[in-house]
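Start from the sequences, fold in the hints, and give me the full structure.
Residue numbering for the sequence shown follows the numbering used here, beginning at 4 and increasing consecutively.
No wet-lab data here; the hints were simulated from the structure. Small disclaimer: the values here were computed from a predicted structure and weren't measured. Fair warning: there could be bad hints in the mix.
[What the hints assert, rightly or not] Using C-beta positions, here's what the derived DEER-type ranges look like:
#1 E31 x Q193: 35 to 45 Å
#2 E174 x E30: 13 to 23 Å
#3 Y32 x G116: 34 to 44 Å
#4 P150 x R34: 30 to 40 Å
#5 E126 x F38: 41 to 51 Å
#6 N12 x L170: 29 to 39 Å
#7 P20 x E171: 33 to 43 Å
#8 M4 x D109: 37 to 47 Å
#9 G116 x E13: 19 to 29 Å
#10 E171 x E96: 17 to 27 Å
#11 Q193 x E10: 23 to 33 Å
The beta carbon of each residue, even a glycine, is placed where N, CA and C say it ideally should be.
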Amino acid sequence: MHVVSPELNEYMLGLLPARDAVRKELEEYARERNFPIVGPLVGNFFAQIAALIGARRIMELGSGFGYSALWFADALPEGGEIICTDGDGANRERAEEAFRRAGVADRIRFHTGDALTLFAGIEGDFDLIFCDIDKHGYPDAFHAAWPRLRPGGVLLFDNALWSGRMLEGDESPDTRGVVELNRLAFSTPQCRASLVPIRDGLLLCTHQSG
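Take a look at the structure:
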């Protein structure tokens, strides 16, 4: 099931400014290997959200080879930082090469290992947390991330509409994880949640103070 029709998706893509060479190469690399990345429409949205809240400290749970981090880096102010995580050392190497070429390596740290385990060992709160780990782990990720978000901060999850699998009777662990994540977000006190129908759906949670 398409969250957005291919025709509308192509229309929206056509409105975006041309991407730089580094991002284009990562997009082509992902296409050739069928590697899931958020893509330019979501990346552009990420940069806008980060800029709107003035995010200075950003955490990524599941970074792949750094595509989304490049978009967040567009909005990062002087002295800000992005912390990336991924279980594959080869992804880290490719990401760090891309960060160097894009001129943002000095503001991004990349850790290799299990995202939630790494996250537990990193101190402090965050302005923005983005999660794109295995979907069966989404509820655990929400429980770990929500208390670490500063008031007014934003928590983002990719694949929150999961190509409509929850409407098709799919009872796999990943689909159950997405369903439970969305339930948690919309029922947690002080969490204002929205599902944004871009690509495969984004869950956007804002931490309401008071």
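Inset, instruction - Just pull the numbers of the violated hints for me, sorted ascending. - result: Of the numbered hints, 2, 3, 5, 6, 9, 10 and 11 do not hold.
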